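Trainee: Here the structure of chain Z is known, so what remains is to put chain X in place on it, guided by the hints.
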Amino acid sequence: MKKTDRAVIWRSFRAAFPQTIPILAGFLFLGMAYGIYMNVNGFSFVYPTIMALVIFGGSLEFLAAQMLLAPFAPVQALLVSLMIQARHLFYGISMLDKFKGMGWKKFYLIYGMCDETFSVNYTANIPGDCDRGWFYLFVTALNQLYWVGGATIGGLLGELITFNTEGLDFVMTAMFIVIFLEQWLKEKHHFSAWAGMLSSIACLLIFGADNFMVPTMICILLILTIFRKPIEKKAGERN
Amino acid sequence: MSITEQIITIAMCTLGTMATRFLPFLVFRSDKPTPKYVQYLGKMLPGAIFAMLIVYCLRSVNVARFSWGLPELIAGAVTVALHLWKRQMLLSIAAGTVVYMVLVQAVFV
Numbered sequence: 001m002k003k004t005d006r007a008v009i010w011r012s013f014r015a016a017f018p019q020t021i022p023i024l025a026g027f028l029f030l031g032m033a034y035g036i037y038m039n040v041n042g043f044s045f046v047y048p049t050i051m052a053l054v055i056f057g058g059s060l061e062f063l064a065a066q067m068l069l070a071p072f073a074p075v076q077a078l079l080v081s082l083m084i085q086a087r088h089l090f091y092g093i094s095m096l097d098k099f100k101g102m103g104w105k106k107f108y109l110i111y112g113m114c115d116e117t118f119s120v121n122y123t124a125n126i127p128g129d130c131d132r133g134w135f136y137l138f139v140t141a142l143n144q145l146y147w148v149g150g151a152t153i154g155g156l157l158g159e160l161i162t163f164n165t166e167g168l169d170f171v172m173t174a175m176f177i178v179i180f181l182e183q184w185l186k187e188k189h190h191f192s193a194w195a196g197m198l199s200s201i202a203c204l205l206i207f208g209a210d211n212f213m214v215p216t217m218i219c220i221l222l223i224l225t226i227f228r229k230p231i232e233k234k235a236g237e238r239n
Numbered sequence: 001m002s003i004t005e006q007i008i009t010i011a012m013c014t015l016g017t018m019a020t021r022f023l024p025f026l027v028f029r030s031d032k033p034t035p036k037y038v039q040y041l042g043k044m045l046p047g048a049i050f051a052m053l054i055v056y057c058l059r060s061v062n063v064a065r066f067s068w069g070l071p072e073l074i075a076g077a078v079t080v081a082l083h084l085w086k087r088q089m090l091l092s093i094a095a096g097t098v099v100y101m102v103l104v105q106a107v108f109v
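Those protein sequence lines, which keep their order, are chains Z and X.
Just so you know, we're using our numbering here: the first sequence kicks off at 1 and counts up by one.
Just so you know, we're using our numbering here: the second sequence kicks off at 1 and counts up by one.
Chain Z on its own, in the form it takes in the complex (with noise of 0.2 angstroms):
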C-alpha cells in the first residue's frame, strides 16, 4: 500500500469531521443516557465504558445490561444479539467492494461499521483530493469516541444529569431520513427504496416491534431477488 501524506490524511479528517456532527450531538445523548441507565443498574461506570468499546452496538448493549441482571446464559445472549444485529449483514455486503484494498484499516473499518458509521460512509461524497481509506477510518473512529465517551459521562455522573433532553433522540431519525432523501435524490429508480419501506411498515405491524428486522431483512432479500430480472434491465436502459 502506498504512502499517503501527512497533508492528505488532514484533509480527509477535514472533510470526515463535519459528517460525523449530527452523530456527535446524538451518540453523546444516547451513549450518556445508556451510560446512566447502567449507573441507575448499580454498575460502575467501568461497565458501559467498556461494553461501548467492544460491543458498540447501540440497541443490543442496552439489553446487555438487562442479560448481566438476569441469570446466567450465554447461549442465549449470542442468539439474541445475532437477531438484533443480523442488520449489519446487509452494510458489509453493500461496502465489499468499497473496503477493497483498503489494508490494515479494513479490520477496524468492519469492526466498527455500526448504523450510522455504515450510513455516513456509504452515502458521502468523499473530495477528491482526499484518501478514501483515511476518511473512512475517521469517521469510524469518531463516531466510537463519541459513543463510548457518552457511555463514560453518562455512567460517571449517572443521575447528576438533569437539564430536559427530551425528545434529542431523534437527532438519529433525523438524520436517516436525510440520508433515505439523499440517496433517494441520487438513484436512477426507486424499487429498492419502496421495497424495503414497504416491506419494513408490513412486517412491523404483523411481528410488532420487537421481532420485526429478522422478517423484514427476508422479505427485502425475496423482493430483490425475484425482480432481479427487470429492475437490472430496467437500470441499463436509463445508462
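Please note: incorrect hints may appear among the correct ones.
Claimed, not checked - Calculated lysine-lysine pairs in the DSSO-like style (CA-CA distance at most 27 angstroms, straight line):
no.: 1; chain 1: Z; residue 1: K233; chain 2: Z; residue 2: K98
no.: 2; chain 1: Z; residue 1: K186; chain 2: Z; residue 2: K229
no.: 3; chain 1: X; residue 1: K43; chain 2: Z; residue 2: K98
no.: 4; chain 1: X; residue 1: K43; chain 2: Z; residue 2: K234
no.: 5; chain 1: X; residue 1: K43; chain 2: Z; residue 2: K233
no.: 6; chain 1: Z; residue 1: K186; chain 2: X; residue 2: K36
no.: 7; chain 1: Z; residue 1: K186; chain 2: X; residue 2: K86
no.: 8; chain 1: Z; residue 1: K233; chain 2: Z; residue 2: K188
Derived from the structure by calculation, the hints contain no laboratory data.
Fair warning: this is a prediction, and the values are worked out from it, not measured in the lab.
Mentor: Then chain X, alone, in the frame of chain Z:
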C-alpha cells in the same frame, strides 16, 4: 452473576455483533471477484436499508394512542421539506430535532 459469567455474557454479545459485521467479508474474499448476484445486492440494498432504519427508529410510535405519531410526522416533514429546499444536511437534521423537542416538551404534553 459472577465476574467471569459477566465477561462471558459481554463476550457473547460482542461475538454476535462482530459475526454479523465480518461474515460478508469472510465469505466473499477480496482477492476473488465478488459474484454478480452479490454485487447486485450490494448496489440495491442501501436504498432499502435506509428506509428500514427510519422505520426501525420509529418502531415504538403508536398512531392509535396520544400523541398519535404527530410529533414524529411533523418533525419528519420539516426535515424533508428543509432538506429538499436547502440541501444542507446539518441544518435539516438540527431543525427537525429542535421542532421535535419543542413538540414533545411543550405542545404534546
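Trainee: Each hint needs a verdict: does it hold in this structure or not?
Mentor: For each hint, the structure was consulted:
| no. | hint | result |
| --- | --- | --- |
| 1 | Z:K233 with Z:K98 | holds, 24 angstroms |
| 2 | Z:K186 with Z:K229 | holds, 21 angstroms |
| 3 | X:K43 with Z:K98 | holds, 11 angstroms |
| 4 | X:K43 with Z:K234 | holds, 14 angstroms |
| 5 | X:K43 with Z:K233 | holds, 14 angstroms |
| 6 | Z:K186 with X:K36 | holds, 22 angstroms |
| 7 | Z:K186 with X:K86 | holds, 16 angstroms |
| 8 | Z:K233 with Z:K188 | holds, 12 angstroms |
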